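J.: So the chains spell out like this:
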Amino acid sequence: MTDISQSGAPKHASSLLSKDARTAKRNRAESRFKLYGILAIAVGLLMLITLVYNIVSRGTGAFTQTFVTLDVTLAEDKLDKNGNRNLDEIKKVSTFGYAPLIKDAISSEVEKLGIQTDLSAKDQAAILSKSAAAQLRDYVIANPDKIGETVQFRFLANSRVDGYMKGRVSRESIANDKSISPAQLDFVDQLVADGVIVKSFNLDFIFGADASDQRPEAAGIGVSMIGSLFMMLVVLALALPIGVAASIYLEEFAPKNWITDIIEVNISNLAAVPSIVFGILGLAVFINYMHLPMSAPLVGGLVLTLMTLPTIIISTRASLKAVPPSIRDAALGVGASKMQSVFHHVLPLAAPGILTGTIIGLAQALGETAPLLLIGMVGFIASNAPDSVASGLLSPNSAMPAQIYEWAKRADPAFYERAWGGIIILLIFLVTMNTVAVILRRRFERRW
Amino acid sequence: MPTLWLVVSVLVLAAIGYVLGRKRALQSAGGDVRALHSLPNYYGLNVAFAALIPALGVLLIWLLAQPMIVENSVSGLIPDEAIPEDSTRGLVMSDVRRVASGLDFAVEQGAMTLAESQSLKAEAGDIRARLGEVGVALGAEVEAEVLDAAQRYRQMTTTGTHAMTLIVALLAVAGLAIAYARTHKDFRARNVVERGILVLLILAASLAILTTVGIVFSMLFETMNFFGLHSWKDFFFGGTWAPNFRGDSELSILPLLWGTLYISFVALLVAVPIGLFAAIYLAEYANKATRSFAKPLLEILAGIPTIVYGLFALLTVGPMLVDFFGKGGFLGVEWMAGATSVLTAGVVMGIMLIPFVSSLSDDIINAVPQSMRDGSLGLGATKSETVRQVVLPAALPGIVGAVLLAASRAIGETMIVVMGAGAIAKFALNPLESMTTITTRIVSQLTGDTDFASPETLVAFALGLTLFVLTLGLNILALYIVRKYREQYE
Amino acid sequence: MNDMARVERVVDTGQAKITASDVQVHYGDTHAIKDVNVNIGDKTVTAFIGPSGCGKSTFLRCLNRMNDTIDVCRVKGNILLDGEDIYDKRVDPVQLRAKVGMVFQKPNPFPKSIYDNVAYGPRIHGLAKNKAELDEIVEKSLRRGAIWNEVKDRLDAPGTGLSGGQQQRLCIARAVATEPEVLLMDEPCSALDPIATAQVEELIDELRQRYSVVIVTHSMQQAARVSQKTAFFHLGNLVEFGETGQIFTNPQDPRTESYITGRIG
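Residue numbers (my numbering), protein chains in the order written: chain A, 1 to 448; chain B, 449 to 938; chain C, 939 to 1203.
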């Protein structure tokens, strides 16, 4: 033993103040390793910044829109030939009947301003959205007494014109575009100079309905927002009570046996089942088997409820677990039943935690898209906001994320701006919900 | 919705029961609350529950069971010879259902009177046209057997619904009456109510099981239908995915599985190193300030909905990759045809999974006892040597679990691949080509015009079931590993 | 009082290995160590005793800069190892810790094989040129850790599978394997049963021939059994430092006496 120790391994550097080569090398490895960590975090944060920058820079455009202000003469001979203001007769005039009025209006505007252009009246009117005639018609039907007068209207500009105003469309990019010509863009420049065409805030994007794929300028996210709202109501009304009830049973009453074990394993696994599988379940059970209406927010809400339940159960159980047993013992000690101790004491103390978990679960459900595709909540579905709670639940509608997906799928790139804009709105909701959850947690967090 | 009204009436009845029960209990005690066994509310609740629970329970079971019973008895009506060669009983039944609901709809819309709808004859041959008028599209002319069965189906459904309404209403009233009669000051109302609540709690907890059972069965039945129409050998072992709505499709899962696994692999290749190093830095090096700043920021990435990542893939990452690898790109190569590719979807999915890997690994690294680090540092190891040679090996099982969970996420992810991966099913190695995945195909087979009698639609259920089994297996394995790991250090 | 008999031996203190002067340690706002001056001799066992929270472990961890790993900890004053300031900016704590090894309160073998546990230090410090040399170091260290005979047939078995006493001796062997000059032991027997404690104490006495050993202990009997010098800490102050026999039989400070007789602590 002694001889081994005498032969000894090489000793360490004699002085601590001088670094040996090996230590220097090891220190370099150390710095490298640390650098990898910093790089990894930097990459993650960079991605976040890129994502946010992308969303904001590409989406804010959706909140402004190009409008054309025109004085339209609501000619009686075209809109109400008999002159008796009979609403049924006025309704017989289709949007085609209104097109000449718009053409006249734009021609007279051009004349008034003294703009020189070779464009035909039809090409001039083509800078307006295809929804202009419908807008005019809706107005006339609502106000038949205005027929014969000249009224000022604010029409949406065509999406190409809007894109030109926002820098998305240029004279080079429309080389192969049949729907707009460089001459029309020159015309637009002139109208802009005269203040007829202006870009302003677009409330209709936030509150309006989706539009057909010919009219990206008219599309809004408002109606699908209502669809999302109804789904969230269903989720809240079902997932919260069921989730809390299930958690109370599992945490407070369940005997330790194999059935409880199975339920617990089941819940943690359900939390990790891909969301699309819940969509298949919804399609098979709620629509094909129970014959609930396709595309209805009620069905969407039911699917999202099943999907959110595990999240809510897991967080509720955590907050129930955080209530110390002494509280239960105290209640039982004064003669309360087990049920009373739970409902009177434990549950109120756990409420902030439960609420936080529920809000986070709801936020998760709000952003979920895949299952909604399978139950038909995607596509150009609803052009009007529902008029009652029942129709809100049962009549076909989309939801915010599904609407965004729908826009992203369409061919016209003008819809992409809508999609990014929709994401801004969706994220505002999510950020608000998560902030509320964080505030609740901070405010009511209790350390026992 | 008559069912809705039924539920509302039962609820109203329960509310009335609550008031009555409470009143009667107080009366029996002569208005002295102390003479009651339980608090007065419990007597009210007892009556309300008695009206509510049996009635709604029966309603729920009835609603679930009736379609099954009707279906079984109606499908017995269809003679074997009425089932075409290339079809199955299940598919004929879906025709029956469609005709029946079409007729109901026509009556509802006022296009037909009730009597008219009941006396329709298939020989008249205009059912398809008349239903078409109200917007119900039928695939083919209605056969006499199908029409008979559909009429029978409607009749049974109507009878069933009437019976259900009657029975539920009777149950509610009877429950109310019995509980009301039993209400007396010595009645142990609290115990009964609490037992009732416990039953409700148990039911809520079993919903989780019910969901799983629902998932499995809903997919299993349709999958069996699918395998009735399409060879399972082709599904599992064929090499081509080529759905063809004229029939004669080749529907093999293998090319889809390849795309799914390839994209998941790329995603993990991005997420695991970045997530793991970020977790190591946060757990071992970062001071408190950095940690409290970087960790929540990274976790924001996990809270962003997948649709946002999908859009990011489709409109930002894809075009950017094309700028590098596409025609006329910076690299001068022409390796990439469109914006959708394995790399596009994989990279974006990887970004999404970074916080998933990092926060799970962070927890796991933190669970390694400090004494291990002290032991290593005390021997003169540097921090990185400690991490690489002591902490990581100790945390390895947990990290493997985390990676498996991330993999299961990647395999089941839908929106990113729907928007970023493409639609071409093939076996290829080039990550710049577009490929498709199981989830993408489920979406495309089940959206738009679906015909639940064709293998092209039904294959989605077989794909879904495979996906479910795959992710479930990964999850169970991962959760098992992580749990074992935690027990080791507890 | 057999234990006391040992202390009577003549102590060969040699020259000072570690010289600490005016050492102050702050944990955030807490002043954990106040003005500690102490000389730790070579080839001597020095025991730090004192009630819980008196700062003895904190001071021990200053001697190989283990406190560096705690963010809020600040150390002032001079600690010289062989005349070199270990808190000098040029000193790499990694090199220092190779010279000043440490054994912890709870046995903390790595989740590796017994062999790899012992080979860990030599590997990271590059002490062995080849496998044969490494084998030799491992065997030698395990012998010095007085555990060779128990584990020589199962060097590939995990270190975590050993009993508590064996694990602690494995950790000592692991510390010895890096050829340190000083060995710090932070309550090495507190998690062990009496038999394992006796084995470790015997081992400490053998280690004295080669190393300067500093041991923190809450057991006065243990200090009396194994050490030649004893330092008594109280509330962050070094109250008394001297020959173990003298401290236990004839303490100069009333606080030391109170502690020894069991009135404080």
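In case anyone wonders, no lab produced these hints; they're calculated from the structure.
Mixed in with the good hints there might be a few duds.
[As the list claims (entries may be wrong)] Pairs of lysine to aspartate or glutamate, EDC-like flavour, derived with a Cα cap of 16 Å: (1) Lys78(A) / Asp145(A); (2) Lys78(A) / Glu111(A); (3) Lys633(B) / Glu732(B); (4) Lys19(A) / Asp1023(C); (5) Lys1037(C) / Asp194(A); (6) Lys112(A) / Asp20(A); (7) Lys1044(C) / Asp822(B); (8) Lys19(A) / Asp1026(C); (9) Lys130(A) / Asp213(A); (10) Lys831(B) / Glu30(A); (11) Lys34(A) / Glu732(B); (12) Lys831(B) / Asp1026(C); (13) Lys743(B) / Asp811(B).
Please read all numbers here as calculations on a predicted model, not as lab measurements.
J.: Please go over all the hints and tell whether each is borne out by the structure.
T.: Taking the hints in turn, this is what the structure says about them:
Distance check on the hinted pair: Lys78(A) and Asp145(A) sit about 15 Å apart at the alpha-carbon level, within 16 Å; holds. For a cut-off of 16 Å, the pair hint linking Lys78(A) to Glu111(A) is broken: about 22 Å separates their Cα positions. Between the alpha carbons of Lys633(B) and Glu732(B) the distance comes to roughly 66 Å, so the proposed pair goes past 16 Å and is violated. This hinted pair checks out: Lys19(A) and Asp1023(C) have alpha carbons roughly 14 Å apart, not beyond 16 Å.
Annotation: proposed proximity of Lys1037(C) to Asp194(A) is violated, straight-line Cα distance about 85 Å (limit 16 Å). The hinted pair formed by Lys112(A) and Asp20(A) fails the criterion: a straight-line CA distance of about 89 Å is larger than 16 Å. With a C-alpha separation of about 11 Å, the suggested pair Lys1044(C) and Asp822(B) falls inside the 16 Å cut-off, and the hint holds. Note on Lys19(A) and Asp1026(C): the hinted pairing holds, with a Cα-Cα distance of about 13 Å set against a maximum of 16 Å.
For the given pair, Lys130(A) sits about 11 Å from Asp213(A) by alpha-carbon distance, which is consistent with the 16 Å threshold. About 7 Å separates the Cα atoms of Lys831(B) and Glu30(A), which keeps this hinted pair within 16 Å; it holds. Taking the CA atoms of Lys34(A) and Glu732(B), the gap is near 10 Å; set against the 16 Å cutoff, the hint holds. Proposed proximity of Lys831(B) and Asp1026(C) is contradicted: the alpha carbons are some 20 Å apart, above 16 Å.
Distance hint between Lys743(B) and Asp811(B) is fulfilled; the C-alpha atoms sit about 12 Å from each other, no more than 16 Å.
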